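**Student:** Chains as they are written, first to last, in the numbering used here: chain A, 513 to 657; chain B, 81 to 218.
Check before you lean on any hint, since a few could be wrong.
[Stated by the list, open to error] Pair by pair, the computed Cβ-Cβ distance ranges are:
1) Gly187/B x Ile560/A: 36 to 44 Å
2) Ala165/B x Pro606/A: 38 to 46 Å
3) Arg530/A x Pro118/B: 48 to 56 Å
4) Lys162/B x Met599/A: 55 to 63 Å
5) Met599/A x Arg174/B: 47 to 55 Å
6) Met622/A x Ile91/B: 52 to 60 Å
7) Pro606/A x Gly187/B: 36 to 44 Å
8) Asn212/B x Lys643/A: 16 to 24 Å
9) Met599/A x Asp176/B: 26 to 34 Å
10) Arg589/A x Arg174/B: 38 to 46 Å
11) Asn172/B x Lys600/A: 14 to 22 Å
Please keep in mind that the hints were generated in silico from the structure rather than gathered at the bench. Since the structure is predicted, the reported quantities are computational estimates derived from the model, not experimental observations. Every residue gets a Cβ at the ideal spot worked out from N, C-alpha and C, and that includes glycine.
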Amino acid sequence: MDFFNSIQTSSSGLSAQRLRMNLIAGNLANVNTTRTRLGGPYRRKEAIFAAQTMNSTFNRILTDRQKNQFSGVTVDRIYEDSTSPLMKYEPQHPHADDNGYVAMPNINPMEEMVNMISATRGYEANITALKAAKDMALKALEIGR
Amino acid sequence: MPLDKIFSDTITTLEKSLNLRSFQNRALASNIANMDTPNYKAVELDVAEKMNPKKGLVPGIKLIRTHGDHLQIRNYRSDSIKLKAVTPTAYNLRGDGNTVDIDRTMGKLAENTLLYNAAAQLISKKLKGLSNVIKGGN
Numbered sequence: 513m514d515f516f517n518s519i520q521t522s523s524s525g526l527s528a529q530r531l532r533m534n535l536i537a538g539n540l541a542n543v544n545t546t547r548t549r550l551g552g553p554y555r556r557k558e559a560i561f562a563a564q565t566m567n568s569t570f571n572r573i574l575t576d577r578q579k580n581q582f583s584g585v586t587v588d589r590i591y592e593d594s595t596s597p598l599m600k601y602e603p604q605h606p607h608a609d610d611n612g613y614v615a616m617p618n619i620n621p622m623e624e625m626v627n628m629i630s631a632t633r634g635y636e637a638n639i640t641a642l643k644a645a646k647d648m649a650l651k652a653l654e655i656g657r
Numbered sequence: 081m082p083l084d085k086i087f088s089d090t091i092t093t094l095e096k097s098l099n100l101r102s103f104q105n106r107a108l109a110s111n112i113a114n115m116d117t118p119n120y121k122a123v124e125l126d127v128a129e130k131m132n133p134k135k136g137l138v139p140g141i142k143l144i145r146t147h148g149d150h151l152q153i154r155n156y157r158s159d160s161i162k163l164k165a166v167t168p169t170a171y172n173l174r175g176d177g178n179t180v181d182i183d184r185t186m187g188k189l190a191e192n193t194l195l196y197n198a199a200a201q202l203i204s205k206k207l208k209g210l211s212n213v214i215k216g217g218n
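Kindly produce the complete structure, drawing on both the sequences and the hints.
**Tutor:** And the structure:
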């Protein structure tokens, strides 16, 4: 059934966009976090997406590789920003270094907001696609009724 | 009158349309899910090959065409559909190598759903009509 594959594909998109949204929320929440468990300030996280073949059986994967490159999406890895932290002069801060500077996370709230809008739209588009597949399947069930 | 003539080719043709549309839905869902995947190349159904009149002729039915504008009988075989990469629009400003045009894809999705529903409704009505005839209009 093509519809179940469609629904699975859209679901993979939903879960990937939701994870992206969670990371953005985490980035915004930790905009002032100067210490993490690993030491040092919080580092901005970003999801890297990769296309993924949705079919489980070997034969279907084989035939799909030959002609149909249908794919869902998966989070390939979570990338941690390696840019140097912003140094803020705050001598009274307990995490300040000898010169009175505190390492703050290098997070740009504007960038996060833009990514958030993009993730929301992506989520909505996947919802629409899922709903379309569901409506089509339901319509097919109505045949002969 | 042979029994299979009652059901005629209408239902078979519409059934093929349904198959094609559900396949198309899968391609669109795949493109939408990967709208933010770097280097993902959008796919679409390669319909051009299916429109080849010689390949698509319904076996056993002949239609004599005396004019270029006359109708042709075409038959779509959904088992031999191929996918091809979408040709990206001339001004693709995305720097990540992704070729999904989300606006066009959503438009196609809406169109595809409507046409699928239309075909399903046609089959339904055809069956209702047959049922009406069988029951003698009661």
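**Student:** Compare the structure with each hint and give your call.
**Tutor:** So, going through the hints one by one against the coordinates:
Range check, Gly187/B to Ile560/A: about 29 Å between beta-carbon atoms, so the 36 to 44 Å window is missed. Roughly 56 Å separates the CB atoms of Ala165/B and Pro606/A, a value that falls outside the hinted 38 to 46 Å. A beta carbon spacing of about 19 Å between Arg530/A and Pro118/B contradicts the range 48 to 56 Å that was offered as a hint. Take Lys162/B and Met599/A: their Cβ atoms lie about 57 Å apart, and the range 55 to 63 Å holds.
One distance hint, 47 to 55 Å for the beta-carbon pair Met599/A and Arg174/B, is violated here, with the actual separation near 34 Å. Distance hint for Met622/A and Ile91/B: a CB-CB separation of about 57 Å, consistent with the stated range 52 to 60 Å. Look at Pro606/A against Gly187/B: about 56 Å separates their beta carbons, and that is not inside 36 to 44 Å. At about 33 Å, the beta-carbon gap between Asn212/B and Lys643/A misses the expected band of 16 to 24 Å.
At about 31 Å, the beta-carbon gap between Met599/A and Asp176/B stays in the expected band of 26 to 34 Å. About 21 Å separates the C-beta atoms of Arg589/A and Arg174/B, a value inconsistent with the hinted range of 38 to 46 Å. Separated by about 40 Å at the C-beta atoms, Asn172/B and Lys600/A break the suggested range of 14 to 22 Å.
Hint compliance for this structure: hints 1, 2, 3, 5, 7, 8, 10, 11 are broken, all remaining hints hold.
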